[in-house]
Every structure is written in structure tokens, then in C-alpha cells.
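Novice: One-letter residues, chain by chain:
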Amino acid sequence: MIASLPRAAWLRTATALYVAAFLIFLFVPLVIVATFAFNDAPYPAPPWRGFTLDWFTGNPASGRVGLFHDVALLGSNWTSVVVACWVTALSVAVGTANAFLMERYRFFCKGALSVLMLAPLVIPGVILGISILSLSSRIADLALAWFDVELDFLRPGLPLVVLGQFAYIATIATLMISARLKRFDRTLEEAALNLGASHAAVLYKVTFPYLRPALIGSAAISFLMSFENFNTTLMLVGADPPLTVMMYGRMREGATPVLNAVSLFLMLASALLALTLMRGGTRSAPGSPAAGA
Amino acid sequence: MNDALSQRIWQRRLMLTLLLAPALLWLFALIVLPHIDLALLSFRARSAPRHYQPSLSQYDTFFTEPLYWQIFVRTALLSALATVLTLLIAFPIAWVITKVAQGRASTLLFMVCLIPFWVSETVRTLGWLILLRQSGVLPALLVSLGITAQPVELLYHNATILTGLVYTSLLFMVVPLIGSLESLDNSLIEAAYDLGASGPAILRKIVVPHAAPGITAGCIVVFMLTLGNYLTPTLLGGKNSQWFTELIYTQFIVRFNWEQGAAFGFLLLALSTSMVALGLRVSGQRFVDVMRRS
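In order, the protein sequences belong to chains G and L. Residues in the first sequence are numbered consecutively from 0, following numbering that gives the first Met the number 0. Residues in the second sequence are numbered consecutively from 0, following numbering that gives the first Met the number 0.
It should be emphasised that the hints constitute simulated quantities derived from the structure, not laboratory data. Be aware that a few hints might be false.
Cβ-Cβ distance ranges computed for the label pairs, FRET-style [what the hints assert, rightly or not]:
no. : chain 1 : residue 1 : chain 2 : residue 2 : range
1   : L       : Gln10     : G       : Leu274    : 40 to 50 Å
2   : L       : Ser143    : G       : Leu267    : 25 to 35 Å
3   : L       : Ser5      : G       : Gly195    : 21 to 31 Å
4   : L       : Ser54     : G       : Ala111    : 26 to 36 Å
5   : L       : Arg280    : G       : Ala111    : 15 to 25 Å
6   : G       : Ala7      : L       : Leu187    : 13 to 23 Å
7   : G       : Ala15     : L       : Thr16     : 53 to 63 Å
8   : L       : Thr16     : G       : Ser197    : 18 to 28 Å
9   : G       : Phe264    : L       : Asp184    : 44 to 54 Å
10  : G       : Leu274    : L       : Ser143    : 35 to 45 Å
11  : L       : Ser143    : G       : Gly253    : 21 to 31 Å
12  : L       : Gly237    : G       : Leu22     : 24 to 34 Å
13  : L       : Ala20     : G       : Ala15     : 49 to 59 Å
14  : G       : Thr56     : L       : Ser143    : 23 to 33 Å
Covered, in the sense of this in silico footprint (three residues per stretch, anywhere, with C-beta under 8 Å from a C-beta of chain G), are these stretches of chain L [what the hints assert, rightly or not]:
no. : segment
15  : 98-105
16  : 271-278
Quantities reported herein were computed from a predicted structural model and do not represent experimental measurements. Every residue gets a Cβ at the ideal spot worked out from N, C-alpha and C, and that includes glycine.
With the rest of the complex left out, here is chain G:
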């Protein structure tokens, strides 16, 4: 029942209990991950054996390799950052162009193009990955057979990971930037033009400042989604895995709490990003982050 109607006492209690249970369900896995980053034991499992910072600072000599000395893990983290930067730059640039295209121009088959732009959201990430893998391998094979050149960037590796992630993150950037451009009052641009501003000046001084929140928001979301992407990345990855793929590999083997340590940093980073964006944006703005897509 809604707040303005009388509610029975049992219903109030039940509601409160339900919300509490729901929040426990949401947060228990995260709290557990964070807690066991500090457990003085070789595996992230109970019982609690005391507090230690070994899984952050331990060096190979002490027998426990902490996060700050785990070269492979730090390297894969850096790989993820580099990939995410490329994906962000590409997605925001193409997303901005798409927003202007869809909001300002009319052309042949515009409706079909707008549906096609949304298609990446309904393609499972695994299939997006294998389809790009199969096309790029075919092109690389043909190049080798016809021109005798080896196109390494078309073989599984970071360039393909960037393209695969960009393929669907571009849709999200497009939607976010279009949504803001749609609400823009075009009389502002006309006023500036009447007052003698050039088209470039209008774009630079009027339109882009207005779009800024959407550009920043979509950049942050693109970065986060790229950093956390797993499905598409797994299909396209080559010799140097990004962080999610490396963590997955170690989780299958039964990893040390160093994974908890790196997870703790990831949680802090995304919480910080989330709070910053939520403060800036409205409730519905950055709605859907991390997905399996």
C-alpha cells in the first residue's frame, strides 16, 4: 500500500524486513570480498585468522605476493586502462557524431539506421565477440593468401578487444548524448548566429557547453563498461589479458586473497565514480552500468 493510506502494523514490519533482507542480499557478497582481503590466510576462506596487509604489500621474498608486487595483475590492470581509454575516446566521438546525425538531419532510411544503432544492445556479448573474430580472421587470411601480408591487428589481441567493446558501447554513448541534444533549445543557436557568430563558434561556445554533462557522463559510463566487460573480451583476447579475464582465470584455479585486494580497489573506484556521477546527474541519467552484454 502507498504511504498516504493506512497500513497494518504487520505490513509495515514485513516491508521493513523485506527491504533489510534485500539490502543484505545485495551487499553481503561485496562485504565478504572486502573482508577477506585482510585475512591472514593463504586462501580467501573462513575461519578468520587475524588481520594482515600481506595481500597488498607482501613481496615474493616473504612467500606471499601482495597486490603491489603482483606484476601480472598490475600489468593486466594497466591493459584494461589502455583498452578502456581507446574505447571511451572512440565511443564518445562516434556517439556525438551519431547524436547530431539523428537529431539534426533527415535522410534516406533514417528509421532503419536508428533501429540498427540499437541492435548491438540485443546481441549477446559472446556472439558479438565471435562474429567480429570470424570476420577479422577471414580478412587476415585473405590478406595473407593474396598479398602475402600478415595483418597482426586482425588476430585475437587488444585491437580486436577495443573494436569488440566499442561495437556496443557506442550505442550507449549515442543514446546518452542524443537524449541531451534532443532537449536542447535550438533558438539559442539561432540567437548566436543572428548576433554574428560563425557556425564553428556556435558549436564551440553554445552547443558543446550544453552537451558537456552528457559527454562527461557517457565517457565515464563507457570507461566503466569497457573496464568491466567480460563476454566480448573473452572471445577476442590474445596474449595479454585485461583484468577481468585474468581474474576469471585465477578464480577458476582457486586464487589467493590478492584477488580480494584488487577487487577492493575496484569497488572503491566504482563507488567513487558512481557517487560523483549521481551527484551531478539526475536520478535517471546514468541508469544502467555493468552488464553481461
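Chain G is fixed; fit chain L onto it per the hints.
Specialist: Quick look at chain L alone, frame taken from chain G:
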């Protein structure tokens, strides 16, 4: 005057071309052509080394090998079940956020619900692994409470996979539900209540019909993501997960049988797309609107 006009038209055409180029490049090079290639791949079979001929044998294998289609059906059913469970768990929360909690409490609750989903799925799954495995937190708790004598293995069950999938999907249900419940006018509920309608009747006759677009949008997105999920089923289900995406991965990356993997990929894509289309048809919505909503 005429010259200036024609120059402006020319400029606008040039701009249109410049803006169309990246969009077309993106959509054709990374979406359309790869899928055409994947389709071609799935419709061929190797007759001799480096020789291929058109064939339906990949699809034939799928239908004649019981293991393959059983895993396909299993994945679809578990995804549907996960979707329903997600809806049942998310609906009361969306209701509390929009209709029961007031002002700041409502905003705060909403933000608190969102925060876990900004964290990578890998991290959340790690949490479930530590909680549920035989040497994990929950089995130890059960022993110390005297409920079980020995630590039990809570991983590798269907229920474990479902728990993980529901957990990952909640956000994608809560957000569209909130969107559709927010627009429901409270006075309608008050009026129904004053006229003597019971709680279940109000839910059935007023709330659900109004929230139907949000419910459909949430269900479509959750089903799609669950069906295509790889990380959660493989880690929480282990060897018992038998998830269809795992089959695709095995064919493509482990066995290097790309033709078979492509066929499996297309079957999954067909299921996913037809469920989206069905959902849209049932609720009479447009694809574009649903995607904007979620």
C-alpha cells in the same frame, strides 16, 4: 543570393556525409558484416583440408545430438525462471522506492540499490564463490549453527546458478519498474481503496496494467542478458553449469571448430531475438521505446 543558398545546401550535404561515415563504418564493419560472415561460416562444412562446401550439417548436429539441444533448452528454461524470480524480487523494492518511502529516504534507497551494480560482475561473483563454496562462509556458518554436521557444497547446483543470475540482473529490472511505477498516479490507488478494493485487487487491476510496459522492458532485458551470460554460470555452476554460451566458447576457442560454434551462436541469437520480438508483440511496444526505457 541563389549562389549563397546552393552553397549552404552543399555545405549541409557535406556535413551529413561526414556524420554518416562513422555511423555506417561502425554499424557495417562491426555489426552487419561480422554477422553475415558468421552466418556463412555456420552454413558450410569442411570436405577436405582447406576445402569447404555449403552444408546444413552444423545445424543437423545440433538437432541430432541430444546433449546440444538439451543444453539449449535448459539454458532457455533457467533464463526464463531467473527472469521471473528477478521480477518477483525486484517488484516490491521498486514499489517501496516509488510509493512507500518518501523524499530523501526514497532517493537514498534507490542509490543504495544501484551501488553494487557499478562493481564488476567478476568481483560480485568472487563474493559468491567465497560465500558458497564448501570451505566458504555460509557452509561454515551452517555447521556452527548446528544445522549441518559437515560443511556442505553450495556451489555447482542449479539453485546456485539461479541465485547468481538473479543477483546480476536485479538492477535491470528495478530501473524500468521504477520508471513505470513513478508515473502511476497515487490518487488512482487511493480511489480504488476508498471504493473498497482489496490490496490484491488493486495490484491486479490498477498497478500491473499500468506498469506493464516497465515489466516487459525489464523482463526482455533480463532474459537477454541471462541467456548470454557466461561468467556467472561457469563460475558458480562449474562443470555442471551446462550453459549454452559455454558450448559456443568450447567450439570456438577450445576445439577450434568455428563452423559448429557459429551455428550455435546463431541459434542463441535467434532465441534471444525472437524472445525480444515476442515480448514487444505481447505488450504492443516499439523496440526503440523499450531500449530507451531501460
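Novice: Decide, hint by hint, whether the structure agrees.
Specialist: Hint check results:
no.: 1; hint: L:Gln10 / G:Leu274: 40 to 50 Å; verdict: holds (44 Å)
no.: 2; hint: L:Ser143 / G:Leu267: 25 to 35 Å; verdict: holds (31 Å)
no.: 3; hint: L:Ser5 / G:Gly195: 21 to 31 Å; verdict: holds (23 Å)
no.: 4; hint: L:Ser54 / G:Ala111: 26 to 36 Å; verdict: holds (32 Å)
no.: 5; hint: L:Arg280 / G:Ala111: 15 to 25 Å; verdict: holds (20 Å)
no.: 6; hint: G:Ala7 / L:Leu187: 13 to 23 Å; verdict: holds (21 Å)
no.: 7; hint: G:Ala15 / L:Thr16: 53 to 63 Å; verdict: holds (60 Å)
no.: 8; hint: L:Thr16 / G:Ser197: 18 to 28 Å; verdict: holds (21 Å)
no.: 9; hint: G:Phe264 / L:Asp184: 44 to 54 Å; verdict: holds (45 Å)
no.: 10; hint: G:Leu274 / L:Ser143: 35 to 45 Å; verdict: holds (36 Å)
no.: 11; hint: L:Ser143 / G:Gly253: 21 to 31 Å; verdict: holds (23 Å)
no.: 12; hint: L:Gly237 / G:Leu22: 24 to 34 Å; verdict: holds (29 Å)
no.: 13; hint: L:Ala20 / G:Ala15: 49 to 59 Å; verdict: holds (56 Å)
no.: 14; hint: G:Thr56 / L:Ser143: 23 to 33 Å; verdict: holds (32 Å)
no.: 15; hint: 98-105; verdict: holds (count 4)
no.: 16; hint: 271-278; verdict: holds (count 3)
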